[in-house]
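From first to last, the protein sequence lines stand for chains A and B. Mapping of the first sequence onto my numbering: position 318 corresponds to residue 318, and the numbering continues sequentially without gaps. Mapping of the second sequence onto my numbering: position 405 corresponds to residue 872, and the numbering continues sequentially without gaps.
It should be emphasised that the hints constitute simulated quantities derived from the structure, not laboratory data. Incorrect hints may have been included.
What the hints assert, rightly or not - To spell it out: a stretch of chain B is covered by chain A in this simulated footprint if at least three of its residues, at any positions, have a beta carbon under 8 angstroms from a beta carbon of chain A; those stretches are:
id, segment
1, 486-497
2, 516-523
3, 529-538
4, 544-557
5, 797-804
Virtual Cβ for every residue (Gly too), placed ideally from N, Cα, C.
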Amino acid sequence: MDPVKDLLGLTADYAAQFLGSLDERPVGASATVEELRAALGGPLPQHGLDQTQVVAELIEAAGPGIIAIPSGRFFGFVIGGALPAALAADWLTSTWDQNSAQIRPTPSAGVVEEVALAWLRELLQLPAGVSAGFVTGCQMAHVTALAAARHRILERVGWDLARDGLQGAPRIRVIVGEERHVTVDRALRHLGIGSAQIQSVPADGQGRMRVELLRDALEGGAGPTIVCAQVGNVNTGSCDDVTTIADAVEGTDAWLHVDGAFGLWAAASPRLRHLVAGIEHADSWATDAHKWLNVPYDSGIAFCADPEAHRAAMSVRASYLEQADTDAARDQMDWVPEFSRRARGFPIYAAIRALGSEGITAMVERCCGHATRFAELLGAEPGVEILNEVVVNQVLVRFGDDDALTEATVKGVQEDGTCWLSGTVWRGKAAMRISVSNWQTSDEDVERSAGAILEAAARGVGTVRAT
Amino acid sequence: MSDVHDLFRRAADYAAQFHDTLDDRPVGPPASFDDLVQALGGPLADEEHGDADVISELIAAAEPGLVGSQTGRYFGFVFGSAMPAAVAADWVASAWDQNAFSVVTSPAAAAAEQVAAGWLAELLGLPDGGSCGFVTGAQGANTTALAAARQHVLARAGWDVGRDGLHGAPPIRVLAGVERHVTIDRSLRLLGLGTGALELVPANGQGRMRADALRDALAGGTGPVIVCAQAGNVNTGAVDPLNEIADACAAAGAWHHVDGAFGLWASASPRFRHLTVGCERADSWATDAHKWLNVPYDCGIVFCRHPQSHGDAMAVAASYLQRADGRSPSDWVPESSRRARGFAVWAALRSLGRNGVADLVDRCCDHARAFADLLGAEPGVEILNDVVLNQVLVRFDDDDETTREVVRRVQADGTCWLGGTDWQGRAAMRISVSSFRTTGTDVERSVGAILEAAAAVSGSLR
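Here chain A stands alone, though its shape is the one from the complex (with noise of 0.2 angstroms):
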């Protein structure tokens, strides 16, 4: 036997193994991070071991230690799972381990992100002739989009940000949401944009950034600004109303950008597309493909409207990368903050390959259905509050109108493990967060999880009132 072939075809049997073990396994792990250094740990090992026992090992030792993110029944943060096709792909991509930084020196992997950004662009109705890159997530894309904006609004008063940097130039402001995601924060820290240059403005109960209070605070103040709207608060899933923010923000120099790490895919259904009505006058949008795309971790997209500030902020010339004239091929690493990388471009080709447009709408109207039959479910029991309005994905629910019960009853859900789920605080107001994105959610895993939920919570009650 060819100890190659053994080694990939008994990981293709555990890998299927395992995905067809979620409908029975508990949804969380069932070791701490302590049993599970134990288990990895030891002193490095001095001498090497058979490659089919590593991984027999890797799986025994880690396996514990998993959480089922790619079940039905996962409702955590907002995860989504991997498309069998998306997950080959990304198999393939591990074995021809192409790098993916320049479209000559590995060709596949550059022509299948130009064809995977004609495809995304056309699904999620953005403007014709944007740029794109192919990042780890949407927290990187933040950071290559806002980049990009950066440099064109320091560009328009004159300051050669890459020569010059950012310490004499004209103040940079930033106004986001009240409610915008945190790794915007993060993003423009990294970009040495500091949290005292980010104004925030108020939003409403459902998070939404109230549009009167941004035209007054694009009014009061001056110089080089960036506007960073939302499309699927990471609690209720609302949308920012972009068209009115986009005409608060033209005829003023801002940039315009969306964080739409799962809610710009609303785009990709008609029912659901009025949500993010506006988008398309964004400068820049950022977005995950392994949430709601469903290819596995990790992948991100930054799209911008100008393709110019985009490849100045992040290209770089050297004589070894023997590089194509800059206007004659697009060299992926022109549009990221990387250099050498995975493909990421594959999974996304399948992804889209498998579901086609129609699936990908599909897919996303389903996930809302089942938050819609989340909320319905729930909100039909005593004592059981949904506190928003169930836009998208995302539902958020309270317990007995008290903090340690809905506290109580994510940790019950969470030991249960028929459902796996986390809480948040919204409003001031503890909660528990359920969302929906995994392309394999059943009707059925939500009538399961739903009932799980309501007997933790009929547990929680005991348990609050005990103590």
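Using the hints provided, position chain B relative to the given structure of chain A.
Here is chain B on its own, set in the frame of chain A:
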């Protein structure tokens, strides 16, 4: 067998067959760019398409445009291959689809990274008690390390960069060797420092930063200062005099960063460790796992002596110190949600062991030496660098055009793949040996192909 199992089995069979045929495949991609666009492109389809068909089509369409970086005869850039154990672990990582953000999103991913970080620090001779992050590559590692440096040197000058940003901050001087890698410039630019902050320190003929010139440069200015040293020049493989640089940085109170994308791995070999002596004295280090450790793309690693500054620069809301649950993988990287990169690194280290890593490094360096000996023995062929590590620069007939034409012909021939470069104003062929698969036979076959290409264009070799 379920459909999914069948799909995975097919993928595994294909991958094994791909692996088995590497020796016979041309190393360069045979397909033209237009053919690939034709094969992969087309309009966005409306309907769903069977998983197995998607994968077969992807293989058929993309395969002609793959480069043989997985073969033992790919010597371009510094790519590395991927060891089967690391590939299989990477497959498992994709199947598990863990989000390595925190111990909550994946305890197993967090534990694997922590164990792998400890092993790596020991292997590379780095100090205990530092912090370590798993990023996409040395570019991301340089950016992360320099963000920690930015945080640290400005905090010492009384400036809170997280709160106030760089606008109005004290200027930061960044000193780097004239032959540093471009990723340094790119990281500085991303961090908002501007390449104007960069003061270039002269290098010697091998690309090593001159420590005397660094001392002069450090003495010639004041204020917060970062020094970027290099272990492994991308052309020559030369390592800066790290001990002397550490002395100079200590005297000046400078942050000392080491870019060791591949060169840091010399520390893992008793035979080559002398090259990186002093590197353990630095404040931060950047390296790649997808190069010399031969794990699949992408994986780089950043190490830092100062967890506080590292965490303050990276962690969400800088709250990592308050956490009761210990290390959170996202505290040390620019990413939030991300792939569980630790599994493949763990598997590579477990599979090789300390001896296996040392042997991998030694073998690649010996192959580079053999290239230099075999090619350098021919009339009209000149080896431009001291072959201290895994890099060889070759020049033909002391002529730029001849050298470039030889490179083009070798690429077209397909026996092996390598690139060209300009080394201190002269065109050169660039050979980098960084695959676990490269054998003595691969080197001999490739030398034969190179000399044949040279004979076809070079007067003295004809």
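Going through the hints against the structure:
1. 486-497: holds (count 3)
2. 516-523: holds (count 5)
3. 529-538: Holds: 8 residues of the segment 529-538 of chain B have a Cβ under 8 angstroms from chain A.
4. 544-557: It holds, with 11 qualifying residues against the three required.
5. 797-804: It holds, with 4 qualifying residues against the three required.
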